[in-house]
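Start from the sequences, fold in the hints, and give me the full structure.
What follows is each chain in one-letter form.
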Amino acid sequence: MPRKQAGSSRIELLQGTLDMLILQTLAWGPRYGFGIAQMIRAGSRNALQVDTGSLYPALHRLERQGAIEADWGVSENNQRVRIYRLTASGRRRLAAERSKWQQLADAIAGVMAPPAESDA
Amino acid sequence: MKLARLLRLGRARSDAELGEEIDGHLRMAIEERVARGELRADAEANARREFGNVGHVQEVAREMSGTLWLERLAQDVRFGFRMLRRAPGFSFVAIICLTLGIGANAIVGGWIEGILFRPFPGVANQNRLVHVAGTAKGEPGYTDLSFPDFSDLQRESTLFDAFIVSKIIGTTLSAGDRAERATGLMVSPNYFEALGVRPVLGRGFAPDEGTGWNAHPVTVISYREWQDRFHGDPGIIGKTQRYNGVTHVIVGVAPAAFIGTFVGYSMQFYVPTSMQAAFDPTGYKLEDRRARWIEGFALLKPGVTLEQAQAEISSTATRLASDYPDQDRGRGVRLLPLWRGTFDGAQNLMPTLRIGLAIALFVLLIACANVANLLLVRSFVRRHEITVRLSLGAGRLRLMRQLFTEALLLSAVATVCAALLAYWLRNALTLFFPSQGGVVYTFRGDFDWRVCVLSAVIGIMSVVVFAAVPALHSSRADLSAALKSDSRSASGQRDRSRLRASLVVFQVALSFVLLVAAGLVLRSLQRISSANPGFSRDRVLTTSVNLFAAGYDSTRAKAFDDRLLQSIRSIGGVDTFALARSLPFSTRPYDSGPIAVDGFVPKADEQPSASYNSVSPGYFATMGIELVSGRDFTSGDDETSEPVAIVGETMVAQFWRGENPVGKRLQIGGRWRRIVGVAKNVRFESLLDAPKPLLYLPLRQNFSAQGAIFIRTRQAPDALSRSLARRIRALDPRIAPYEVITLGEQMRRATSPQRVAVTLLAMFGVLAMLLAGIGMYGTMAYSVSQRRRELGLRTALGAAPSMLLRLVLSQGLRLTAMGIALGAVAALASTRMITYMLYQVSPRDPRAFVAALVVMLLAALLACLAPAWRAARTAPVTALR
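Going down the list, the sequences are from chains A and B.
Every letter in the first sequence is one number past the one before it in my numbering, and letter 88, counting from 1, is 88.
Every letter in the second sequence is one number past the one before it in my numbering, and letter 792, counting from 1, is 912.
No lab work stands behind these hints: they were computed from the structure.
With the Cβ distance kept under 8 Å, some of the chain B side facing chain A (calculated, not the full set):
(1) Glu140
(2) His145
(3) Glu170
Pair by pair, the computed Cβ-Cβ distance ranges are:
(4) A/Ala105 to B/Ser622: 43 to 51 Å
(5) A/Thr87 to B/Asp143: 20 to 28 Å
(6) A/Arg85 to B/Ala155: 20 to 28 Å
(7) B/Arg909 to A/Arg98: 54 to 62 Å
(8) B/Ser622 to A/Thr87: 48 to 56 Å
(9) A/Ser89 to B/Val584: 31 to 39 Å
(10) A/Trp101 to B/Val584: 38 to 46 Å
(11) A/Arg85 to B/Val213: 56 to 64 Å
(12) A/Trp101 to B/Asp143: 31 to 39 Å
(13) B/Val573 to A/Gln103: 51 to 59 Å
(14) A/Ser44 to B/Arg156: 14 to 22 Å
(15) A/Ser99 to B/Val213: 52 to 60 Å
(16) B/Glu170 to A/Arg85: 21 to 29 Å
(17) B/Leu477 to A/Trp101: 57 to 65 Å
All C-beta atoms, glycine included, are put in the ideal place defined by N, C-alpha and C.
This is the structure we're talking about:
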C-alpha cells in the first residue's frame, strides 16, 4: 500500500480491526466498556492491549452507525455503567468483516508460508 | 445565539455521560489492579497511564457525536478571515471581480423583478394580477377591448375578484401663464380598492362614478402632483383641476409609493371611466361595442390558476362573439401574466432585459474564471502551509472544507457588496429615458427579498464554480515533493499552469463573444440612424399640438389650424408644412380599423384591417414621401366633397394584386372612399418590422384636434422652435407646444431599447475585457516570475532582451489566439440570438468580428507587455541564485 494512503488512513485501519473485535465480543452477550477491553485482552492472551483511548470513540461511532446500542445499567459491582449490545445490523456487519478478515488472513498466510520442498 | 446555547447544552449532557462512563472504567480498572494485589496509589497511576489522555478520548468521541461541526465551522471562518486579511491585495481583487459578476446579475435581476414581475409599486396582490387583452382573428398581436365587452366579462366571470380598467390618457394643465402636459390613467371605480391602494387624503372612486356621459368629473391626483403643484395643501379635497376643458373636482390624493399601473410612467392623475368622452376626441364610447379602447387587468381569486381563468374567460368571449356577431365576430380575450403586458413600456424593454441577463451571466463566468485563477496562484503561494497541515495529519476533506470556507467568505463579502451595488443602481435604467414633454418616465428596479435570494444563490453557485478546481488541486498536493524547500520542481505545477492557461483562454473567449455582440448592436444602431424609413428624416421638423387637451371642440380646432398654418407660412426659411393626426415612431400608435375593399373577398373569419393617418394637403411633399400614382390631397378634399383616400404600396399588393387601384373604392370607419393616389411605403412604427398596410385620409374628412405639425425647413430646430412657440402662444397661451425636433431625433428616441442594449453591451464588453486582461496579466506575470531562473540562464547564454520579450509575448498571444478562436466559434453559434435587435446587420457580420479581434488582441498585448518587459530585463545573475 502506498505510504500516502497509509498515512491518511492509519486510524481507519486500526479502527476497522477494533470494530470487528468489539462486535465479536458483543456477539457473546451485552457488555460494558471495561468488560469489552478485558475480554479482548483475555481472548488474545494479553497479546492485544486495547487502547482505551480508541475503545470509547469506537463504541460511540458504532453506536451512531447503529451497529450496537447502549443503555445505562448496573454492573455486578453495583456500578452505574453503559451496557452495549449488538443490533441486527451489527450482527450482519460482524459477519461481513469476519469473512473479509478471513480472506486477508488466508492471503497473507499464503504469501508468508514457507516455499514448497520441490522449489528449494 | 440561542442555537449555540442549545448545542452547548446538548454537548454538555453527552460530555457528562461520557465522563461518567470513563470514570466508571477507571474505577473498575483500579479495582482490578488492587484485587491483583497492587497498592491502591500505584493502581490508580497505572490505570490512568494505561487509559491514556482522557481529554483526547473525549474530543474524538465528541466529534463522533456530531456536534462539533459548528465549532469547526466557526474555526474555519475565523481562520479564513485571518487568511484573507493576510493577503489584502488578493482578497481585494477577488472581491471586486466577484462583486462585478454577482452585482451584474443582481442588478439585472432587480430590473426584471421591478419591470416585469412586480412592476407596480404600492400595489397589493401583484401575483394575482393579470393583463386582459383582446384578440382578433387574422390580426397578429393583441387589441384593446370595448367597454360593453369588458363589463360583460366582469359580470359573467366567477373566478375573478375584480376587473380593472387602466387606460393611459394625457392632458394639458395650465401652470401659471404656461401650459404643461400631464399623463394620467382612466380607471374603473374599483381601481384603488382592488389594487389595495388607500388614498392618503380623501377617497377613491364610488361605484356609480364609472358610467354616464362625462357624468362624474372627479379626479384623484398623485402624491407628487399634490406636493409639486399644490404644495401639499391639506385642504386640497374639493378643489378643482381643469383637464381638457372640463373642471374636475379633486376627491383624493394617492399615496406616495403608488405611481399607477403603466410600466414606464409615473401617473399624475386618475379619472373614472365615465369621463371617457372628455379625454377622447373621437367621442363617447361607453355604449359602443365596436369601439375598442379599454386596457386593463383582472384580479384572480386566490388559488385560481391562469389556465382556469383563461378557460372561463374564453367561454364567455365565445358567447359574446355569437351573441354580437356584427361587433365581436372573430374576437377573443386573452389573459396574460403581468410580465407579458402588451400595452405598457415593459415590452419595449424585454429584449434589453434578456440581453442584460445574458451579459450578466457572461460577466459572472469571466469573474469566476478570474478568481479561480487568483486562487490557483494563491494555493501555490500557500503550498507550504497546506503541505505542513497535511503532513501534521489534517484530513484532506477538512482541508478542502477550509479552502471552500475561504472561498465562501470571499463570495459572501462580494455578495453583500453586489447587493449594495444593485440597490444603488436599481433605477439606473431610467437614466436612459430622460423625462421629456411633461412625461415622467420611470423604470424602477425592485430590490426585494426575491432578488436578495437570487443574489445569494448566485454567490454560492459562483463559489462552486471558482473554488472547486483550485481546492481539489491544493488538497492533492504531493507531500514529499512539496515539503522540500525549493518546490519549483514540485510536480503538479505543470498541471496547474496548464489549468491557469485554460482559464485565461476561457476568459478571452467569453470576452470576445461579448465584444462581437457589442460590435453588432453598435453597427445596427449606426444603420438605424442612417436608415431610410421612407420619409426624409433630417430636414423635417416636427412638434405636436393637442388642441383637444386644451378644451377645443373640432370647429374651434379647425379654425385654429387655419390660423396656425397662416402663421407658420410667415416664418422665414420654411419650404413646405403640413398637419397630421399621427406622428411616425411615436409612443401613440396610428389609428387602425377594419376595412372592406371592392372586389376583394376575405377568408371566412378574417377581417382585413389597416392603419391610417389623417393628413393635410402638402403632407407628402413635406415628408418627402413619393406618390407613385394619382394625386395628393387638396384643400378641395373637405367635409363636403367626396370621401377620398391615398393608399400605401403594401396595400396595393395585398388587396389589388399589384394593379393600380386609383379610382377604385374601399371602406373604412363605415364609409366608402374613392382612392385618388398611391404613396410609397413608409415605416411608421419600427424599422425592424416589415412595412404594414397604411392608408391616408384628408385631415378635413377625418378631423383630429390633437396632432402633429411637420415643417420642411433649412432652419435649425432650436431657432424654429422659438419662433414657432412664440406664434402658438400668440394664438392661444393655454396650448402647450411640445418640443420641436427633427424626424430623425423622433426616430432616435423610439430606439431607446436598442441604445440601452448597446450601452449595456459596450459597458460590460469592456468590463469583461478588463477582467480578462487582469487574468492574462496575472498569468503572464506569474509565469515570468517562475521562469526567472530559466530566463536568467538564457540571458547568460547570450539571448538578446528582444528575444526574451518575444518569448513571453508569444506565449501570451498564443493564449489569446486560442481564446479568440474559441470565442469566434461560440460567437458564430450564438449571435443569432440577438438577430431580432439587428437592423440590416448580419449576426455574422465580419466587421464586428474583426473589430472585436483587434480590440481583444490590443488588450492582450497590453496585459502581456509589463511581464514581458520584466522578462527581457532579467539579469544573468538570477540564474545563479
